[in-house]
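Peer 1: Protein chains in written order, with the working numbering: chain A, 1 to 120; chain B, 1 to 246.
Hints should not be assumed to be uniformly reliable.
[Stated by the list, open to error] Label pairs and their calculated CB-CB ranges:
| no. | chain 1 | residue 1 | chain 2 | residue 2 | range |
| --- | --- | --- | --- | --- | --- |
| 1 | B | 51 | A | 112 | 29 to 37 Å |
| 2 | A | 57 | B | 11 | 43 to 51 Å |
| 3 | B | 119 | A | 45 | 46 to 54 Å |
| 4 | A | 88 | B | 115 | 46 to 54 Å |
| 5 | A | 45 | B | 91 | 50 to 58 Å |
| 6 | A | 43 | B | 80 | 55 to 63 Å |
| 7 | B | 158 | A | 53 | 29 to 37 Å |
| 8 | A | 59 | B | 167 | 34 to 42 Å |
| 9 | B | 78 | A | 56 | 44 to 52 Å |
[Said to hold, decoys possible] Computed far set for chain B versus chain A, every beta-carbon distance over 10 Å:
| no. | residue |
| --- | --- |
| 10 | 21 |
| 11 | 31 |
| 12 | 32 |
| 13 | 116 |
| 14 | 184 |
| 15 | 204 |
For the record, the hints were derived by calculation from the structure and aren't laboratory data.
Where is the CB? At the ideal position from N, CA and C, for every residue including glycine.
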Amino acid sequence: MTRSILLLSAALLLAARCEPDPVVPDPVVDAGADPVLPDVGADPIADCQAAHETLARLGCRAADGSSLAYGPTGETFAHACVMAYAGGVDYHAGCIATATDCSQVDSAAQGLLCLEAGAP
Amino acid sequence: MIGKLGRLPKKADPRTLQLARYLSPTLPPIHLSTSWARLATGDPPMFANDRIGDCTVAALAHSLRICSSAAGNQIVVSDADVLKVYSAISGYDPDDPSTDRGAYCLDALKYVRTHGLGGHKIRAFAEIDPTDLRSLYATIDLFGTAYGGYGLPRSAQSQLVWDLSSGPDAAPWSWGGHAMSETDHGPFAENMATWGRLQTATRAWGQRYREESYAVIWDVWVPPAGLSPSGFDLAQMLEDLEAVTR
Chain A
1 MTRSILLLSA ALLLAARCEP DPVVPDPVVD AGADPVLPDV GADPIADCQA AHETLARLGC
61 RAADGSSLAY GPTGETFAHA CVMAYAGGVD YHAGCIATAT DCSQVDSAAQ GLLCLEAGAP
Chain B
1 MIGKLGRLPK KADPRTLQLA RYLSPTLPPI HLSTSWARLA TGDPPMFAND RIGDCTVAAL
61 AHSLRICSSA AGNQIVVSDA DVLKVYSAIS GYDPDDPSTD RGAYCLDALK YVRTHGLGGH
121 KIRAFAEIDP TDLRSLYATI DLFGTAYGGY GLPRSAQSQL VWDLSSGPDA APWSWGGHAM
181 SETDHGPFAE NMATWGRLQT ATRAWGQRYR EESYAVIWDV WVPPAGLSPS GFDLAQMLED
241 LEAVTR
């Protein structure tokens, strides 16, 4: 999948620092603040929950082999999906929820699966 | 293994191209997850970053390794190649440890675009808003890696997966500045090549500690005949690059 795009296109103590006295730069924008969901007429919370249930039921894996239903710290896809949506990343959760096989999930996340199926 | 750091606070240059200018509305939707790192063979090298604060260059060496492996011919530059660039951009003298004071990400990018790293040049690079997840993920999808500069919290020293925490050790820069190449993204986390491994960091962690981010297009990445990935105006970007570097 990704290849096609290409073609188209105590130890802690040992931790040493380069700068003895780190320079503290300007404050960093904390993008992890409370999300404000865009009003697009969708229900991302419900869709993300449904997508999570689908991914958990199917046992789907990410490209690096990790679970797509639960993150490395136990976060659910439902939560990550809502946070991503707030950050401008739309996983087309409603479409993921309709997947019947893990091979469909990436296409669903891009909205393509539902376009092919004729959904709006 | 925790290595050395070596990234100095962000250096700004108004001439730096902004990726958003070249991402068209028809950009393909981002993938739910992408892993270019899985295409590489062997573990990520250290590139001397266990003993020298050369992370700004080591991160580019990681990027080259991942991007070249995705292109079908993995390139692993030597520690000497990395240190040569580090010396050139920072004044580091291997015979004088006091000169190991770190470097700027932007200087590393500019040097490698002009002079190369182990004989391989960056064809173009462009800055990404470090808070813009969509552009970051699109960059990884389209160009293989994203080059990121972070203000690391001390709390990362004791975490297997880098995640948000609280207290003084959670403060940005409480550990120091570090540069890494993001190679994978998924709904929860990103993987970054550093210190001879892939380090996983949650998305929230990345958004809190990422201070600068760049799309890097290696010479080995550009498809033949200048064919650009769908939705990305590579030709315009290269034209603009020539204009601002004339």
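Peer 1: Hey, does residue 32 of chain B actually stay past 10 Å from chain A on C-beta?
Peer 2: 4 Å, violated
Peer 1: Taking the beta carbons of residue 43 of chain A and residue 80 of chain B, is their distance inside 55 to 63 Å?
Peer 2: Holds: the Cβ-Cβ distance is about 57 Å, inside 55 to 63 Å.
Peer 1: Regarding the assertion that residue 204 of chain B does not contact chain A, is the least Cβ-Cβ distance greater than 10 Å?
Peer 2: 5 Å, violated
Peer 1: Between the beta carbons of residue 59 of chain A and residue 167 of chain B, is the distance compatible with 34 to 42 Å?
Peer 2: 37 Å, holds
Peer 1: Using the C-beta atoms of residue 88 of chain A and residue 115 of chain B, is the stated range 46 to 54 Å upheld?
Peer 2: For residue 115 of chain B against residue 88 of chain A, whose Cβ atoms are near 36 Å apart, the range 46 to 54 Å is violated.
Peer 1: Are residue 45 of chain A and residue 91 of chain B spaced within 50 to 58 Å by their CB atoms?
Peer 2: The hinted range 50 to 58 Å holds for residue 45 of chain A and residue 91 of chain B, with Cβ atoms some 53 Å apart.
Peer 1: Kindly confirm whether 46 to 54 Å is satisfied by the beta carbon distance between residue 119 of chain B and residue 45 of chain A.
Peer 2: 51 Å, holds
Peer 1: Can you let me know if the beta-carbon spacing of residue 158 of chain B and residue 53 of chain A is within 29 to 37 Å?
Peer 2: 34 Å, holds
Peer 1: So does residue 57 of chain A sit 43 to 51 Å from residue 11 of chain B, Cβ to Cβ?
Peer 2: The hint (43 to 51 Å, Cβ to Cβ) holds, given that residue 57 of chain A and residue 11 of chain B are roughly 49 Å apart.
Peer 1: Does the Cβ distance between residue 78 of chain B and residue 56 of chain A fall inside 44 to 52 Å?
Peer 2: This hint holds: roughly 45 Å between Cβ atoms.
Peer 1: Please settle this one: residue 116 of chain B was flagged as non-interface, so is its CB more than 10 Å from every CB on chain A?
Peer 2: 21 Å, holds
Peer 1: Grab the minimum beta-carbon distance between residue 21 of chain B and chain A and tell me whether it stays above 10 Å.
Peer 2: Holds: least Cβ distance 17 Å, greater than 10 Å.
Checked against the numbered hints above, the structure violates hints 1, 4, 11, 12, 14 and 15; every other hint is satisfied.
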